[in-house]
Each structure stands twice: as structure tokens, then as C-alpha cells.
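2 protein chains.
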Amino acid sequence: MIERLFINVMSQPVPSPQFEGLWRFPGETSASGYRSLSYWTDIAVQLEKAGVDALFLADIHGIYDIYDGSRDAAVARGVQVPAIDPVLLASSLIAVTKTLGFAVTYSTTYNPPYQCARVFSTLDHLSGGRIGWNLVTSYLASAERNGMGTFEPHDLRYDKADEYVKIVRALWEESWQSDAIQHDVDHDLFTDPEKVHTIDHSGPWYSVEGPHVCEPSPQRTPVIYQAGASRRGTRFAAQHAEAIFATFPSVAVGVRHMQALRQAVEDAGRPTERVKPFQSAFTLIAPSPREARQKAAAVTRMISREGELTKLCAWIGVDLKGMPDDLAINNLSIEASQSIRAFLKRHDSERDWTIGDLRSIAIMSRSPHRRTGWLVGTPERVADQMEDFAMRTGIDGFNLIPCPPRGGIDDICNLLMPELQRRGLVPDTSPPEGLTLRQRYFGAQATGYL
Amino acid sequence: MIERLFINVMSQPVPSPQFEGLWRFPGETSASGYRSLSYWTDIAVQLEKAGVDALFLADIHGIYDIYDGSRDAAVARGVQVPAIDPVLLASSLIAVTKTLGFAVTYSTTYNPPYQCARVFSTLDHLSGGRIGWNLVTSYLASAERNGMGTFEPHDLRYDKADEYVKIVRALWEESWQSDAIQHDVDHDLFTDPEKVHTIDHSGPWYSVEGPHVCEPSPQRTPVIYQAGASRRGTRFAAQHAEAIFATFPSVAVGVRHMQALRQAVEDAGRPTERVKPFQSAFTLIAPSPREARQKAAAVTRMISREGELTKLCAWIGVDLKGMPDDLAINNLSIEASQSIRAFLKRHDSERDWTIGDLRSIAIMSRSPHRRTGWLVGTPERVADQMEDFAMRTGIDGFNLIPCPPRGGIDDICNLLMPELQRRGLVPDTSPPEGLTLRQRYFGAQATGYL
Numbered sequence: 132m133i134e135r136l137f138i139n140v141m142s143q144p145v146p147s148p149q150f151e152g153l154w155r156f157p158g159e160t161s162a163s164g165y166r167s168l169s170y171w172t173d174i175a176v177q178l179e180k181a182g183v184d185a186l187f188l189a190d191i192h193g194i195y196d197i198y199d200g201s202r203d204a205a206v207a208r209g210v211q212v213p214a215i216d217p218v219l220l221a222s223s224l225i226a227v228t229k230t231l232g233f234a235v236t237y238s239t240t241y242n243p244p245y246q247c248a249r250v251f252s253t254l255d256h257l258s259g260g261r262i263g264w265n266l267v268t269s270y271l272a273s274a275e276r277n278g279m280g281t282f283e284p285h286d287l288r289y290d291k292a293d294e295y296v297k298i299v300r301a302l303w304e305e306s307w308q309s310d311a312i313q314h315d316v317d318h319d320l321f322t323d324p325e326k327v328h329t330i331d332h333s334g335p336w337y338s339v340e341g342p343h344v345c346e347p348s349p350q351r352t353p354v355i356y357q358a359g360a361s362r363r364g365t366r367f368a369a370q371h372a373e374a375i376f377a378t379f380p381s382v383a384v385g386v387r388h389m390q391a392l393r394q395a396v397e398d399a400g401r402p403t404e405r406v407k408p409f410q411s412a413f414t415l416i417a418p419s420p421r422e423a424r425q426k427a428a429a430v431t432r433m434i435s436r437e438g439e440l441t442k443l444c445a446w447i448g449v450d451l452k453g454m455p456d457d458l459a460i461n462n463l464s465i466e467a468s469q470s471i472r473a474f475l476k477r478h479d480s481e482r483d484w485t486i487g488d489l490r491s492i493a494i495m496s497r498s499p500h501r502r503t504g505w506l507v508g509t510p511e512r513v514a515d516q517m518e519d520f521a522m523r524t525g526i527d528g529f530n531l532i533p534c535p536p537r538g539g540i541d542d543i544c545n546l547l548m549p550e551l552q553r554r555g556l557v558p559d560t561s562p563p564e565g566l567t568l569r570q571r572y573f574g575a576q577a578t579g580y581l
Numbered sequence: 132m133i134e135r136l137f138i139n140v141m142s143q144p145v146p147s148p149q150f151e152g153l154w155r156f157p158g159e160t161s162a163s164g165y166r167s168l169s170y171w172t173d174i175a176v177q178l179e180k181a182g183v184d185a186l187f188l189a190d191i192h193g194i195y196d197i198y199d200g201s202r203d204a205a206v207a208r209g210v211q212v213p214a215i216d217p218v219l220l221a222s223s224l225i226a227v228t229k230t231l232g233f234a235v236t237y238s239t240t241y242n243p244p245y246q247c248a249r250v251f252s253t254l255d256h257l258s259g260g261r262i263g264w265n266l267v268t269s270y271l272a273s274a275e276r277n278g279m280g281t282f283e284p285h286d287l288r289y290d291k292a293d294e295y296v297k298i299v300r301a302l303w304e305e306s307w308q309s310d311a312i313q314h315d316v317d318h319d320l321f322t323d324p325e326k327v328h329t330i331d332h333s334g335p336w337y338s339v340e341g342p343h344v345c346e347p348s349p350q351r352t353p354v355i356y357q358a359g360a361s362r363r364g365t366r367f368a369a370q371h372a373e374a375i376f377a378t379f380p381s382v383a384v385g386v387r388h389m390q391a392l393r394q395a396v397e398d399a400g401r402p403t404e405r406v407k408p409f410q411s412a413f414t415l416i417a418p419s420p421r422e423a424r425q426k427a428a429a430v431t432r433m434i435s436r437e438g439e440l441t442k443l444c445a446w447i448g449v450d451l452k453g454m455p456d457d458l459a460i461n462n463l464s465i466e467a468s469q470s471i472r473a474f475l476k477r478h479d480s481e482r483d484w485t486i487g488d489l490r491s492i493a494i495m496s497r498s499p500h501r502r503t504g505w506l507v508g509t510p511e512r513v514a515d516q517m518e519d520f521a522m523r524t525g526i527d528g529f530n531l532i533p534c535p536p537r538g539g540i541d542d543i544c545n546l547l548m549p550e551l552q553r554r555g556l557v558p559d560t561s562p563p564e565g566l567t568l569r570q571r572y573f574g575a576q577a578t579g580y581l
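As they're listed, the protein sequences go chains X and B. Numbered by the working numbering, the letters in the first sequence go through residues 132 to 581 in order. Numbered by the working numbering, the letters in the second sequence go through residues 132 to 581 in order.
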């Protein structure tokens, strides 16, 4: 029995978020809309009205340039370039909404922690506590060539991020006492300086004295989201995250990983109910099975083959262009084959993969016909799938990735949300204004980081 | 004969912008309002309706800590701490306005140029070209202790900033050709990669390869504002700025400095009409002379003496606390007395200053009774002063600093702007939607950086 599901919708201010080539899908306006205020304010108002809990905004730094040894394919196919800054976009959308939450991607690699603390305190003040931080560490080597910091190996990035989180949480939670602000007109006393403290952090990576420059915001610490899937990433998420994004390919894998995650959270000394796992899922909805099939077929046709390969090559760090389809991955260099195996792990299968298989996966993962990782069909069918998946794995909600990017948001709001409301899986009333995002997820008693 | 005046209003998301202690002024709501979205959206909507050209948002990094060798006075008196981030605030205010411009302070010291380029391209896209960048280099040593970069001497900061501007302008103006975007559905061609170029900058301070990650925004380059007053600062402003903020203490000084500025702009190889100088002025307005006198007296009483001294000590880098009033500045260390003389230069007078004089200036400069640097009185009187000052110095407009911070905005919008409209000094119709900030200042032909 599921009490309720939390529904986040994921997007990104790029021409064709998550599905390369779908800026060309009939009726889509994302090609110019991604950089237009009214495109986004329409979406935010629509999501809020429909009862969606939060808009999740992804980000990237740098341009994919592994495929064919150049950035040309990424530029030509519009693969996350051009882009605009999602943090600033979120700040605009705060102004036209009252209750919608915003989970904003912000990298620990590109911004000093003192700056990060001010950014999220500002967003939390302006939004009245509706902010989450999708904490990412990873980045592309191309960002380094733009003077955005040095490229460091994966596990080291997480070590730095551990220290980073410690610092920003100290600024948010320990620097200003709750009763520091005085507003004492008679004594010209705005703040009691005895109640504002330095944090005096000095560690291997960062030195930050403090105090924080912002007074405590409604949530103090934004809700911390994390999607680390590697072993080191899972440990990091278990230590810090309150919301975890998973992409379980099946119920069986979900059950297994949920056990591992709960164990990791316990090992980190935190109660397991303080971490909400969300399943990320590509979502394609239509009023009838026939329309869903037609739309799925159109999406499959429209996916940009080269766009998806561009992304895949950047992820695995191997240029597949020109390699024959029947080349076995085992015959590549040790480094390349290891990197590809790490990527294929999520496909949960052991076999003698070829380059052709890999190409198929890259393209087909974005095709609704594949089903794995997808919610496809009528609102009833998708709600069935969600309910079943949540019940059997124990996840708390979904991070829906609309397909196509703009029309899919209409379908989620107009078709799916009403169906979930009918089933009592999501509330059919708006949350009260002033409820923070953390309270929305964890209940009214959740006044600070759990 | 003045054709027209441009009117910017200056504020800052801190409890008591520019006037320490005035958060206590009767009717002021800035003490809590500075961090509240509705406080600011009300202001932005009001300024737009009144016909103000742009809202100028100041910023600071770090906390003043010279006075009494501690940050306690800054914290106690609320001297620019607590604060929130003005860049994010501007992004919120974009969403509730259609024609108002925003000049946003952003430091070249704390943010890599590649990031700066994305921030302003994003704001320019979302606002439809209503963005200016108030380029600042200066910062407090206390920011260094928070891991925000190394403290560097004044002139060196400008050398770095020269290179910085070169990079961001190359990203904005040279990286993407105007016809790069294709949206060619049939050929899966979003952007023509042949028309997107790296900038390959490699200089003494920065290495940035590019290309820019954003497609060209309405203005490409935001309107560049600068307030550099030192010799090096003036040279910098003459080279790069399109709008310059001056604080001329008198018409005579204004005339002299305007000549020097025009010369500096010519020396930089730019036509002088491509730089608009604005006079910054504290502004106190009331319906009648009697009410203006009463309000001025109340402001003088309410200014926080310690708050203003805290600011002064940080500016001059000398702790005045405990020094006797009759101590001559000549008797201080060479370093301290030089620094104080540099500060006093703007007061345009040579005499044997004492610590007491300096203290008086710090307090009295914020008192409307002093007149220098102030516009005080009825709307008619203030409009007279503005007209006279502009006519005799040749400035293009004003950067009004409202006193008190919130009520002063009401007075500018409700009393002063209608008077300026009656005189034909500002237009009495809204600018057309879609006009960029640069076009608003320089005319419809100003489609890019001049």
C-alpha cells in the first residue's frame, strides 16, 4: 500500500533536453523556447497548477567533443548546446509561482563554497523555502580549457565534495543563531554580533572563515538531491542527500539497489526514512493506446542518431565514430573497454558486447519501444506502472522526464496528474503557501536539514 | 537645452542600502523586505510604471571588519550584512517586468570569465535584452579568507579586468555568427558548426578556449556600466564602459571631470557619444519644502553614526575607533594618511584635516543638510537642480539613490517622475516592448556594443 507518490518533472534549458533531435518533433517549441522567459513561466505555472511537487533543472558545463574528435556534432545536433544557466532560470520562475519546488543543479567544481552558500540562501529567501540543490561533481574536460578549474579523477571529486558540503552546511546551519536578528530600533541593533559565528574551516581543499553573509533562510539548507550511481557516488549520496535520483532498469534491480542504499544510509549513521529515492523515468503519455503507439513510433523516428552517439561517446570517453559495428568491446584498449563496461553495468547483463550493441543501446534507450526506463501509454497504464513499481521497490516518487520535452509536460499535467489524483496517489489540493519543499517531502515537522 | 534625462534608481538587497541606520526610519520595511520577493517585485513594477529606465543593483563581497578591528559593528548595525545575491534578485525581477532595465553588479574577481559570459547571456535572453553589467573589480580582503580568490593591489586588478573584458566580449561578440542557428528540421541541423568559433584566448591571467555556450542574446553584450574614479579606474571605464557613474561634488568639478573623461574616451579611440555619464545623487523628495525639511532632519537623526564609520574605515583601511578627534591626519603613518587623502580627494579641498573632520564627513555625507551630493526638496526644486546640473556639466542622466531606501522610491515614482515628465525631460510614454536597454540609452540603431 502506497501512501502517496512525489512527482518531480525534469527539464533543462537546452533545445532538446534528454532526447536529442526532438526539438524537431511536431508541435515542439523548445528550439527557441529554451531561452525564452514566457516558455518557462508557462511551464512553471502549469506544473504548479497540476500539483507537481518540483521542477528539476539539469545543467552541464562545457561541450561534448569526443565523438569524431570534435565538438561539431554536438553543435550541429544541438546536444546541450546552446544552453542557458538553470540557476538564473529558477530565480525567474520563483517569481511567477507560489508553491512549486525547484531542484537546481549546481556544481561543486565550478563555484567556491562561500558563493554556493549565498546563492542557495538567496534562492531560499526569495522562494520562501522552495529550493533544492541537485549537487553534482562531475564535469567535462572541455570545461577545464575554459578556465573553469582543473579536471580531477572521479573519486577525488567526491572527496572534495564531502568537504564542500561540510562547509556550506556549516555556513547555513551553524553561522547564524536563530535569534541573531534583533531589529532593535532603539539600540540601533540589527543583529546581535554575539550570535553570528565564524566557521573557521581549514581543510585539505578549502579554507573558509565565515561567517555566512546571509541571515537564515526558511529552510536554511536547501533540500539536497544527489544522483551518484557509482560505489563512491552512492556512499556520498547516503551521507548527504535527502532525495536520491535512481534509474533502476527493472523492479528486481530496484529492490536490490534499494537494499544497498538503505544499508549505505545506515552505515552513514542516518535514519533511512530521511532519504527519499525517486525513480527517473522517460515518460510518454497519450489519451489512448493507439495514440501512444503512434507517438512512440514518431519519437523513435525523430531521435537524432548522431546526437545520442555524441552524448554516449562523451559519457564513455571513447570515440566510436568509424568503428565497425561487429568490433567486440573486449578487443578495444583496456581503458576503453573498462570505461564502456562501467557504462553498460546499468544494463545489468553480462555478454560479449560489440560496438554495434553499444550504438543500439544509445539510440534505443531513447526509444519508447524499449520500455526499460520508460513509462509509456495511457494515463491509466502509466499510473499502474508507477504504482506497481513504487510498491515493489519502495521508492517514494518519480522524477518524470517528459517526452517530447514540451508536449510531454502537457501530457503529465493534463492526463497523468489527474489520474494519480483520482487514485489518491497525489493530493488533489494545493499545499499551503509557506510550506517549504522539505516539509512537502518530509512533513510539517521537517523544519531543517534532517 | 537638454533633450532628455535618463533616470536609474540604485538599490541593494541589504537591510539599509547606502544609508546606515535608515532601516529604523518610520514606515521603512527594508529591514525584512530586502530578502523578500514581494518587496522587490513591488518596487520593480512601480519603477517600470513610473518610467524609470533601469534599476541599478549594487553588491558587496565580504564583511567590513576594520573598525574596532572586528566585524561586530558591521553585523550589529546591519552594514551591508546580511545580504542576498543581486544577480539572482535581478533574474526574479525580470519575470515581473516588461520594459525596465537592470544594471547588475558582478565582480570580475570572483567569477571566471567563461561563467560571467553565461550569466549575462542568460539574463539577456530571459529579459529580452534589458540587462546591464556594472563591472566591479574591487573587493575586501575578508573575501579572501573565505576562499574567494587572492587579494590583489588596485591597479593590478584593473589589468586583470582588462583581459577579462576582452574575453567575455569575444565570447559574446565573436564566437557565434548571427546566422549560426539553423533550426533545419529536415537535416537535423540545429546550428551550423562552421559558424561557431573558439576564441582561443591565452593571456597572462586567463586561458579560455571557447566557444561560448550560449547563442547570441538580444544585446549579445550587456550594457557595460563602470564607476571607476581613480586614474586607473577612469582609463578602464573610458576603454570599456558605455555608462559611467560619477559622483561630482559640484558643477565645477563636474565640468572639469567631464572634460577629462571625454579626453580619456577619445584616447581610448572611442567616440565620446558612446559613453553616457550619470551623476549619482542621494535623493530626498517631499511634497512641500516644510515636509522636505522635516524629513531631512529625521534622516540626519536616524543615520547610524557607528554604521557609517564602519563603512568609512573599511574604505580607507584605517581603524579610527579610539583616535582623538583633534588628531591631525598628517600625524598618522604615511600609509594611513595617504589612504585617507585619496578618499578625501573627492571632497575637492586642501586643508589640514583631522580625524574629527573625517568622522564628520562620514556622517554628514549621509545627511541631507549637507547638500553636496544631494538632491533635496520638492519635486519642482529637485527637477530644477537636475536640469541645471545636467545642462552645465553635460551628463546624460542620474543614478538616484533613494532616501530613505523604500519610501524614497515612492517619492521618486510618485512625485519626481511626473514632474520630469511635465517638463519633457523624460518620456511620458512607456518604451515599446522589445527595445533593448542599449537602444533605450543610445537609440534604435544601437543593436550591439558601441
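Bear in mind the hints are in silico, worked out from the structure with no lab data behind them. You may find that some hints are simply not true.
Intra- or inter-copy, both count: the list cannot distinguish identical chains.
[What the hints assert, rightly or not] In the DSSO-like style, the derived pairs of lysine-lysine whose C-alpha atoms are separated by at most 30 Å in a straight line are:
#, residue 1, residue 2
1, Lys291, Lys180
2, Lys229, Lys452
3, Lys291, Lys452
4, Lys452, Lys326
5, Lys291, Lys407
6, Lys407, Lys180
7, Lys326, Lys476
8, Lys229, Lys476
9, Lys407, Lys297
10, Lys229, Lys180
11, Lys291, Lys476
12, Lys180, Lys297
13, Lys407, Lys326
14, Lys476, Lys407
15, Lys180, Lys452
16, Lys180, Lys476
Against the earlier hints, flag every one the structure doesn't satisfy and list their numbers going up.
1, 2, 3, 7, 8, 12, 13, 15, 16
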